[in-house]
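Novice: What follows is each chain in one-letter form.
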Amino acid sequence: MEKQMTFEEKIEHYRTIIDDVSYPTVNKWKEEHPNKKVVGMFPVYTPYELPHAAGMLPVGVFGAGGKIEIDHADSRIQSFVCSIARSTLELGLTERLKNFDALYFTSICDVARNLSGIWQTNFPQQLVEYIHFPQNMNNSSAPKHYRAELQKLVSNLEQLSGKKITNEDLLNSIKTFNRNRELCLQLYHIKSTTPHLLSTFEAYIVLRLGTLLPVEEHSQLLEGIIPQIHQRKRTARDFVRVMIEGSFCEQPPLELMQVIEDAGCYIVDDDLLLHSRWFNEAVPLNGDPLLSLAESYINRSRYSSVRHYGNKSRKEQFLEKIKSGKVDGVLFCAPKFCEPALLDYVVLKDELEKHNISYMTFEYEEKMGVFESIRMQVETFVESVLFFS
Amino acid sequence: MQEQKFKYQGIGREYQKQLLTAWYERLQNAKNDGRKVAYLFVPGNVAEFLRVFDFELVFPEVNALQCGVRKTSGDLILKAEDIGYSSDVCGYVKNDIGMMLQGNIGPSGTEIPKPDLLLCTYCGCTTFIKWFEALAHFYDVPLVMLDVPYMRDGEISDTDRQYIVEQLKELIPLCEKITGNKFDYDKLVEAMKHSAEAEDLWVQILHSAKHKPSPFDSYFEAVFFMAPIYVLRGLPECTDYYREALKEIYERIEHGVGPIPDEKVRVVIEGPPPWPHFRAFWELLKHWGVCAVASSYSKVGGFWDHGFRHDYTKPFESIADYCLTCYTNQNLPMRTELLRSYAEEYSADAIVIHSVKSCRSFSVGQADMREQFIRKWDIPTLLVESDLADPRYFQAAQLKNRIDAFFESLEHKRLVKV
Ligand code: SF4
Ligand code: SF4
Numbered sequence: 001m002e003k004q005m006t007f008e009e010k011i012e013h014y015r016t017i018i019d020d021v022s023y024p025t026v027n028k029w030k031e032e033h034p035n036k037k038v039v040g041m042f043p044v045y046t047p048y049e050l051p052h053a054a055g056m057l058p059v060g061v062f063g064a065g066g067k068i069e070i071d072h073a074d075s076r077i078q079s080f081v082c083s084i085a086r087s088t089l090e091l092g093l094t095e096r097l098k099n100f101d102a103l104y105f106t107s108i109c110d111v112a113r114n115l116s117g118i119w120q121t122n123f124p125q126q127l128v129e130y131i132h133f134p135q136n137m138n139n140s141s142a143p144k145h146y147r148a149e150l151q152k153l154v155s156n157l158e159q160l161s162g163k164k165i166t167n168e169d170l171l172n173s174i175k176t177f178n179r180n181r182e183l184c185l186q187l188y189h190i191k192s193t194t195p196h197l198l199s200t201f202e203a204y205i206v207l208r209l210g211t212l213l214p215v216e217e218h219s220q221l222l223e224g225i226i227p228q229i230h231q232r233k234r235t236a237r238d239f240v241r242v243m244i245e246g247s248f249c250e251q252p253p254l255e256l257m258q259v260i261e262d263a264g265c266y267i268v269d270d271d272l273l274l275h276s277r278w279f280n281e282a283v284p285l286n287g288d289p290l291l292s293l294a295e296s297y298i299n300r301s302r303y304s305s306v307r308h309y310g311n312k313s314r315k316e317q318f319l320e321k322i323k324s325g326k327v328d329g330v331l332f333c334a335p336k337f338c339e340p341a342l343l344d345y346v347v348l349k350d351e352l353e354k355h356n357i358s359y360m361t362f363e364y365e366e367k368m369g370v371f372e373s374i375r376m377q378v379e380t381f382v383e384s385v386l387f388f389s
Numbered sequence: 001m002q003e004q005k006f007k008y009q010g011i012g013r014e015y016q017k018q019l020l021t022a023w024y025e026r027l028q029n030a031k032n033d034g035r036k037v038a039y040l041f042v043p044g045n046v047a048e049f050l051r052v053f054d055f056e057l058v059f060p061e062v063n064a065l066q067c068g069v070r071k072t073s074g075d076l077i078l079k080a081e082d083i084g085y086s087s088d089v090c091g092y093v094k095n096d097i098g099m100m101l102q103g104n105i106g107p108s109g110t111e112i113p114k115p116d117l118l119l120c121t122y123c124g125c126t127t128f129i130k131w132f133e134a135l136a137h138f139y140d141v142p143l144v145m146l147d148v149p150y151m152r153d154g155e156i157s158d159t160d161r162q163y164i165v166e167q168l169k170e171l172i173p174l175c176e177k178i179t180g181n182k183f184d185y186d187k188l189v190e191a192m193k194h195s196a197e198a199e200d201l202w203v204q205i206l207h208s209a210k211h212k213p214s215p216f217d218s219y220f221e222a223v224f225f226m227a228p229i230y231v232l233r234g235l236p237e238c239t240d241y242y243r244e245a246l247k248e249i250y251e252r253i254e255h256g257v258g259p260i261p262d263e264k265v266r267v268v269i270e271g272p273p274p275w276p277h278f279r280a281f282w283e284l285l286k287h288w289g290v291c292a293v294a295s296s297y298s299k300v301g302g303f304w305d306h307g308f309r310h311d312y313t314k315p316f317e318s319i320a321d322y323c324l325t326c327y328t329n330q331n332l333p334m335r336t337e338l339l340r341s342y343a344e345e346y347s348a349d350a351i352v353i354h355s356v357k358s359c360r361s362f363s364v365g366q367a368d369m370r371e372q373f374i375r376k377w378d379i380p381t382l383l384v385e386s387d388l389a390d391p392r393y394f395q396a397a398q399l400k401n402r403i404d405a406f407f408e409s410l411e412h413k414r415l416v417k418v
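Protein chains in written order, with our numbering: chain A, 1 to 389; chain B, 1 to 418.
Some hints here could point you the wrong way.
[Said to hold, decoys possible] With a Cα cut of at most 20 Å, we get these calculated DMTMM-like pairs of lysine to aspartate or glutamate:
| hint | chain 1 | residue 1 | chain 2 | residue 2 |
| --- | --- | --- | --- | --- |
| 1 | A | K354 | B | D140 |
| 2 | A | K326 | A | E316 |
| 3 | A | K354 | B | D82 |
[Claimed, not checked] Far from chain A, some chain B residues (derived; all Cβ distances over 10 Å):
| hint | residue |
| --- | --- |
| 4 | Q16 |
| 5 | D54 |
| 6 | K71 |
| 7 | K79 |
| 8 | G180 |
| 9 | D184 |
| 10 | L332 |
| 11 | I379 |
[Stated by the list, open to error] Per the computed footprint, the stretches of chain A lying under chain B, defined by three or more beta-carbons under 8 Å from a beta-carbon of chain B, are:
| hint | stretch |
| --- | --- |
| 12 | 96-109 |
| 13 | 114-126 |
| 14 | 327-340 |
| 15 | 345-359 |
Read the hints as simulated data drawn from the structure, not as lab findings.
The model shown is predicted, which means the values in this text are computed figures rather than measured ones.
We put the beta carbon where it would ideally sit given N, CA and C, even for glycine.
Can you build the whole structure from these sequences, using the hints too?
Specialist: The structure is reproduced here in structure tokens:
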């Protein structure tokens, strides 16, 4: 059936899946593979390759996107915290994650870190990992240390599944995810070169679906839709080319993306679902697979507010991205209370001011329902960019 | 204990003040004296290591807290918000940036020298990284990360320890280059010895709170008493300070006096204090005869009371262990267990959590801790919210209501029990 659907029909169909907080694709997979394990991956980047190599299903956990009420999590996390942390905990406390056997959190911020601790206490039946990513990229022992961290995760997964993970398994997973990343990047290439053919709203839905499916299935699906996108008959408009910065962890409401695009913007680049294209080169397939993953994190990662930089500072990489994407203006679009995004904002906008690049800024929350004022602000922004350029 | 009755009375506070004043003056003169300046954080500070190169040390957190106490933080925070900082981010960061924007005049009116090296001792709090990245941007100086892995497995692993040791060793050439001073192993050993001695004395002060009544308040007083071990560790004057301060404590024990005239309730306190309203907060608790017999905040700059000492026989490994075990780097289950065990060890009646809105490193998870204290261990626990730097978040009337209601009910429960 999927094969005969138009691209637009597919997007509509995928949207119902990603909007469903009961994780239908995961439940189905679990029914088909009753003895296999599911591992939840909290953003931003997580080594999906490891659970995959263990024959498990890694699944992105991105909170509830405003689709459930926060009733139970309030007694455990206070109100001045980003929505993704609160609603993820609510998903757990309301047993919506009961099909998950393990959960991965990483050293992106203090909130995610402490959420991993809350999880350990409240869900002792799940394996909870808190991954320490290297922060000193120039230190010669960083790859070795991170490799040991990955090895520890592998051992714990082996224990969970009762199955040894071989180097061959790992190489196969790396290869599989390299392919998926390549396909996801093709979507970004389309967005950048022919933005009228693919909106960010649509690309996002396709990528978000990828966090819920087995990776092979997602790659196959991408292979099917990429030609469809190229064949779309849509005219290019005189829109402003913008880039979104700050939405790397908690995801903005879909309506927000629509509002921005409707207001006259092509979002030609962004940091949404960053894990889907985290490495800017394929992870090498020769040599020790865990070391390749470790070295890739250190040397091949895209910049992000939650990863300390190495030889090249984040602001340099930010400016390069603007230049190579021929971006007219930047929309700082950060979740309320998200410290990494809000703190970086000042440094990054300073750079934009130095280089005379336009920007505007707003915050979002999962529960946000009214977008009118943002629409008006973006429209004004678009006019000012058009007027001054 | 207002009027002078005893020989050593007040020495802990006074001597501390003198030492900090001298330190701020030394900082002001650092550049003229040809000394290089390193900025670093209190948790996991590798003071002993940096002293080998004769760096002057600046702790932006200490400046921020001092501004809070002197009530200048509110204006400085607004300065930072003027250039784009959100009202929701860490108040310490904004305080520091605000201070920088105003010519870097420190809390005591002296100038804080610009950094020659930013050494981000990443010891738990991820905001540390964002903070120093911002400073690297504004000052345009080198930023080096000392990557301290979080205590995610509840214990020190050899891998983590070795990782820190290797980073410290790799840092030597850069420090030599900046200061022009060669690394000197004997100097490191000497600093480590001073530290260990001061730590021994400090722990005696902390443990003294097991006495009834407690001679020492481990939260409201500890914040003064702990300053030297945080900013002057590794120097002889630091050790001297604790020798003197301990005399005051012994004297109090001898006379059966403490910081609270009539100790009625013993509590363990979690979380940093509301600096701009420090006195007011203390008064709210004093009103009920509350003495803090243990606190987690007094462990952010080092966790010595369960045995750790800087060990000169293996200096690098020991510095690594010091970094790993600071309170900010302990995971939530460890923090919860620590507070519970304090309640037991120090015969506390309750736990008080001061939850700091803009410090998510501390506050996320505190509500969950509270649930556990109450449900699992039946320890009465009060959670109140304000901020450590931002005076706008301190709602005095609301806090008073909550504090009064809690201690009233505690008192009532005790009466019923008796
Ligand atoms: S949204 Fe920001 S603050 Fe919240 S968990 Fe993600 S990175 Fe941390
Ligand atoms: S978040 Fe908390 S621990 Fe971190 S720098 Fe701010 S005040 Fe300090």
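Novice: Compare the structure with each hint and give your call.
Specialist: Verification of the hints:
Restraint check: the Cα-Cα separation between K354 (chain A) and D140 (chain B) comes to about 15 Å, which is no more than 20 Å; the hinted pair holds. For the suggested pair K326 (chain A) and E316 (chain A), the alpha carbons sit about 15 Å apart, so the restraint of at most 20 Å is met. This hinted pair checks out: K354 (chain A) and D82 (chain B) have alpha carbons roughly 17 Å apart, not beyond 20 Å. Residue-level check passed: Q16 (chain B) sits 30 Å from the nearest beta carbon of chain A, beyond 10 Å.
The claim that D54 (chain B) is not at the interface with chain A holds, since no C-beta of that chain comes within 10 Å of its own (minimum 24 Å). With a least beta-carbon separation of about 23 Å from chain A, K71 (chain B) lies farther than 10 Å from that chain, consistent with its non-interface assignment. Every beta carbon of chain A lies more than 10 Å from that of K79 (chain B), the smallest distance being close to 12 Å; the non-interface claim holds. G180 (chain B), annotated as away from the interface, keeps every beta carbon of chain A farther than 10 Å; the closest lies near 22 Å.
Remark: the non-interface label on D184 (chain B) is consistent with the geometry, its nearest Cβ contact in chain A lying 23 Å away (cut-off 10 Å). Look at L332 (chain B): its CB is around 3 Å from the nearest CB on chain A, not clear of 10 Å, so calling it non-interface is violated. The beta carbon of I379 (chain B) sits about 16 Å from the closest Cβ of chain A, which is more than 10 Å, so the claim that it is off the interface holds. With 3 residues bearing a CB less than 8 Å from a CB of chain B, the stretch 96-109 of chain A meets the requirement of three and the coverage assertion stands.
For the stretch 114-126 of chain A, the assignment as covered by chain B holds, since 8 residues bring a beta-carbon within under 8 Å of that chain's beta-carbons and 3 suffice. A count of 4 residues in the stretch 327-340 of chain A with a Cβ less than 8 Å from any Cβ of chain B is obtained; the coverage claim is therefore met, three being the minimum. Taking a C-beta to C-beta cut-off of 8 Å, the stretch 345-359 of chain A contributes 5 residues in contact with chain B, enough for the three needed, and the coverage statement holds.
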